[in-house]
Each structure stands twice: as structure tokens, then as C-alpha cells.
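J.: The listed protein sequences derive, respectively, from chains A and W.
All residue numbers for the first sequence refer to our numbering, where the first residue is 2 and numbers rise by one.
All residue numbers for the second sequence refer to our numbering, where the first residue is 2 and numbers rise by one.
Since the hints were derived computationally from the structure, they do not count as laboratory data.
Computed from a prediction, not measured in an experiment: that's the story for all the values here.
Note: identical chains are not told apart, hence a pair may lie in one copy or across any two.
List time: in silico SDA-like cross-link candidates among lysine to any residue, alpha-carbon distance up to 25 Å: (1) K252 <-> Q199; (2) K252 <-> R303; (3) K252 <-> G238; (4) K252 <-> L280.
2 protein chains.
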Amino acid sequence: MAEELPREPHEQQPAPPKRPPTSVDVARRAGVSQATVSYVLNNTAGGRVSEETQARVRAAAAELGYTAHAMARSLRSGQSTTILFPQLSLPTGPMITRFYEGLAVRLGALGYTFIYHVDSQAQGLEAARVWASLRPVGLLVEAARISPEAIALLRTAGTRAIIVLSESPSELAPTLLNNDSDVGACAADYLLGAGYRQLAVIVPREANIMGLGLERLSGMERVALPRGVAVERVDMGFDEADAAQLAERWKRGPRPSAVFAYNDEYAMLLMRALLDAGLAIPQDIAIVGADNLPLGSLLRPRLTSVHKGDVAGIDVTADTFHALIQGAQIDIPPIRLLQPEIVVRESA
Amino acid sequence: MAEELPREPHEQQPAPPKRPPTSVDVARRAGVSQATVSYVLNNTAGGRVSEETQARVRAAAAELGYTAHAMARSLRSGQSTTILFPQLSLPTGPMITRFYEGLAVRLGALGYTFIYHVDSQAQGLEAARVWASLRPVGLLVEAARISPEAIALLRTAGTRAIIVLSESPSELAPTLLNNDSDVGACAADYLLGAGYRQLAVIVPREANIMGLGLERLSGMERVALPRGVAVERVDMGFDEADAAQLAERWKRGPRPSAVFAYNDEYAMLLMRALLDAGLAIPQDIAIVGADNLPLGSLLRPRLTSVHKGDVAGIDVTADTFHALIQGAQIDIPPIRLLQPEIVVRESA
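Bound-form chain A, shown alone (with noise of 0.2 Å):
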């Protein structure tokens, strides 16, 4: 049986106090006024104010607890530090990841506070009602989450900078191109330059990314139709029954000569099953996959793949969201996310 007996609360959680200390205690209790407080807090009393003073705002506002409010400035002047960016409704991988992570860094040199919204799946109105609540002076979205009559309601609320992100110039704001399709242009481009000109791509059958593949066709396409090789769209989802079907189809009848597998753990999944169909690599079918990950090369054949290359984005989107939000007047051309370039092993 449980015990039921009364406990003890936990000794590290203890009532708060009421409200947080604020300027206006500080200057109470330094016995000065709001506004010397904020120079002094803000280093910005040049001669202003005395070493004395200081020295008394200081210990009045250490002796308090107090801490500066990133949002308070905004309730009086529509400016605030914070930049959100609401959580991507795609699967992350390490590339978007490293691309936040570094732009975090770049955004807090620059003096802003990155914050991320954990919610894939909030869109519209609502959405930005809840992003507006917190006040970012900037937002990173993704253009099919907003609309006009969002972008107003944010601005209202002080949202001075607005960046989207697409896979195509956007009509909402300023545009940080998710350039999924240059991944499929330089498979094919390579593929062609190799010799291969029977082309084929997996485009995955789960919904969530069955889009990125479609970007990636049409990459591919861009690339090899005006050169008069035709790509072939194949959807394979990723379940080991699925694959080998495609294999065996493909041992018995037609098939490329090289298929860019949407990524290396589908290139993965379908070398394992060409493999086990008795399909040679790359002699009767050569495997390029996308993104990368060290356990390409630890594939036999060690895999082909598309590196999305550093992240390139990362100080324009940066300087564009400081810009913005000094009030510049400026023309934005896209940014684009990736810089793709071919990593060739053994496979393709």
C-alpha cells in the first residue's frame, strides 16, 4: 500500500514571490528615477549619471534578484529581441538542424534571442495568434503556414521582420528557399556526366515527404530533359516488402540504368534489396542516395551520394532579420538554403 501519510514539500520548490522584482522597485529602492535606472542598467548613463549612483542602482538591483524582461520592452514600444521559428511540419534532419543551430549563434551575436515553437502543425490565424502572444520582433515560418491576414495580425503585434521558407520565391515576404530540387539536379548531373541514360527516381509513398521527392523529380528533370534523357518516377515507400517487389520487378524486366534513391537510408533499403535479388552495383543498376551520413560509407558497395554541402544560408538570413528590423528599405532576392555537391564512392 502507498503511504498516505502528509509530505513534506519539496525542499527546492519553494512558494515565489508575487511578482518579479521590476525597474520601477529598483528605482524605489536606489531612490532614483525609472529613467536613471534604465540608463545605468542599459550602460547607457555615459556622464549622465555618477559613479555613485551607479554604484547604488546596481546593488539595489542585485540585492532585488532583478533580471532584465525581454518582452517587457515591447508592451511599451512594439520592440522586442526575441526571433521565432515555429517548428518545421517536415521530419528535421542534421542539415536544418545545423542550419538553426547556426543560425542561433549568428542571431545571438547579433543581440536577438532565438526561441523555437514546438508545434509541427499549427497553420493560419490561430497559429499566429499564438506566435503574436509571444512577441517576436521576427519570424522564420514556413510559407504554407501563413497568410496575408496573419502576417498583419503579427505585424500589428510588432513582428518587424518576416522571412518564409519554400521550396519557390514566395508573393508573403522575403524568401529562404528550401532549394530541395538542386539535391535532384546534381544527382542527374552527375548521373549524365557518368554515361548512365536510363534515369529513375524513388519518390517515397509517406505523405509527409512524398513533396521533397517530387522537388528532387523535378530537379532531376530540369537537368536531363533538355539533354533528351527522360527520368523515371518510381514510389517505394520504406518497407522491405515494397523494395524487394521493385527489385524483382526489376530483375525480370526493363530497368534503369541508375536511380537516385531520394536519400541514403532509401538507397540503403533498396541496395539491401536489389542485393538479395541477385542485381549487381553498379554494374546491372547504379544507387545514388542524398544527405551524406557516415553509414554510407559502410555500404558494400560504398554508396554515391548528394552532400547538401555547408549551409549557406545561415549569415544572409541572419543579417536579412537584422536589416529588417532596423526599419531597412531594401529589396530581398531568395536566399537559398543549400549548396548540394556530389560525394562519389563506389555505387554510382
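Following the hints, complete the assembly by docking chain W onto the known chain A.
T.: The following block gives chain W in isolation, referenced to the frame of chain A:
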């Protein structure tokens, strides 16, 4: 040469208004008191405000583009609805992502906004000042990144609930146990039951995950030592040359009968090296991974792996936050994050 003509500003980036509308503005426009606006917009009017006045307040809010300010209340009362999760210093795998996404949904249902501060390195008082400036009512943070002084500072700033993530129960605050040792215990329990008696464990050489590897070693020892079985610690980096050297050593000299290989990726690396060296899996040496990644069933032999189970602690963590914020005086036992279980395939 670049065009140097002045450009028109981007159409969607008009200058924002000086400050966002507040409830005072709404009150003025509707000709009512600020308290009335608060009752109406928070749906707490009850019978106190006529339908007609309520309609007038709502119309005024809509005309002004008023949105709530999540942090505004914290300026007055010390109460916000934001729960902050500073980015982990550990690399985040699929398990922790599933955890914090699930926690966001659950906290959202309880009326909180869950945000993630993108900065994996900040710690101590300096970090606490940044976190406090976001005025969270709740904070979920690694124990190593916080101190009693930082907790005091956060409490003064209005943070009512702090939960720390730690490998062992913390003195600082209620603990969400990142019980990784249980992953090792699960692997050892399975291997001993299957009759293996010469056990080894891979500890990654990489500084950022070596600690996790040592936790898993300690879990194996917790299970194996009382049964008279020692566990050999084997250091290996995620590096093909390192793995090949290890395989060669085990081919020539004494070797364990079973290895817990830290996780599925290290298992894949080690299996590749052992197979290349001519050792048979599991006959010469059995391998267990962890994480139960899809790639495990693509390996030959198929990989036996410790699955970290459905994330157990989500609901308990959310409910604990809510209880602490509501002021509950409770003694909170450590919450276990992981529920590991073995997925048996062919490699062990």
C-alpha cells in the same frame, strides 16, 4: 555591374506601427474599463458584462488588431504561460525529439506554450539571465547547466516550476531521469539469458556521448556483476579504421562472446568491420545495438537492438509542471524517461 538605383521596398515589409495595441487601447475604443476588457477577452465575464458591451469590446479588439501578450501578465503578477526548454547539450536522437514533441502537445492541452531556446552550451548564471528574460513559468533543463543561484534568480523572475533532466536524482529540483543505464541493463539481461558470459560494451570515444556510453556500461554491470559476469569496456570512435583495428585484435586474440555496441550506428560500423575481418555474427561474436532504427532490419544478419520504448515520462512531466505551477506542495519522485525493451533479430 550591380544596379545602384534606389529600390522600392519589398511590398510585404511595410513599416510596422509604433507599438502593438494593448487592452488599454481596446478599453478606450470600446468606452469601458480595462477590467471589463480583461473579463470579456479572457471569457471570465460571467453575468457581469452585458452581451452588448461584450460585443462592443470584441469589435474594438478586432478593429485594432489586438492580440494577447503571453508575457504581459508576468510583468504584473509574475505569472506567464510559457514553459521553456533550453536545447540539450547532448546530440538529440529520435527518442528525445518524440519526447519534447509529445510534451508540447500535452502542455498545450493544459494551456501552456512550450518553447525551445536554441543554445546548447549556455549554463550557469549567465544562461539563467537569458532564460529569465523570457519569463517562463516553467523550465525543463539539464541539471549540469543550472545551480542553486541560477534557480533563485529564475524564481525571483517568476519561474514557478523547474524540472531538471539528469542521469541520477538531483538535489536541485524534481528530476526527469535520463535513465540510460537501464538501456545497458536491458542489453545485459537479454545476453545473460541467452547464455553469453563474456560480455563487452562499446564506449564511444566522442566526448559529447562518452558519458552516455559510460551510463550504459554501468547499467550492464548492475545486472551482470551480481551474476558473476564481468563487462569489458572497449573504447571505439565512429571511425572505420578504429573499428577495423578492433576487429583484427578480436580475430587474433581473445574476444568477448557478445558486445553491446552503444547504439545501432556503432553496431553497424562494428558489424561491417567484423564481417570484413572474416568473423561470423553471431557465431563468433554476437552484437546488440540500441535505438531500434529502421536500418537494423536491413543489415545482414539483422540487428538485435534495445528499443527505448514509448516515451514514458511525457504525461507525468506535463502534469508535474502543471501541479507545481498551480502551487501544489508535493514531494515528487524522479520521473523515468525511458522504458527499454529488447527487439530480438539475428545478430544476438
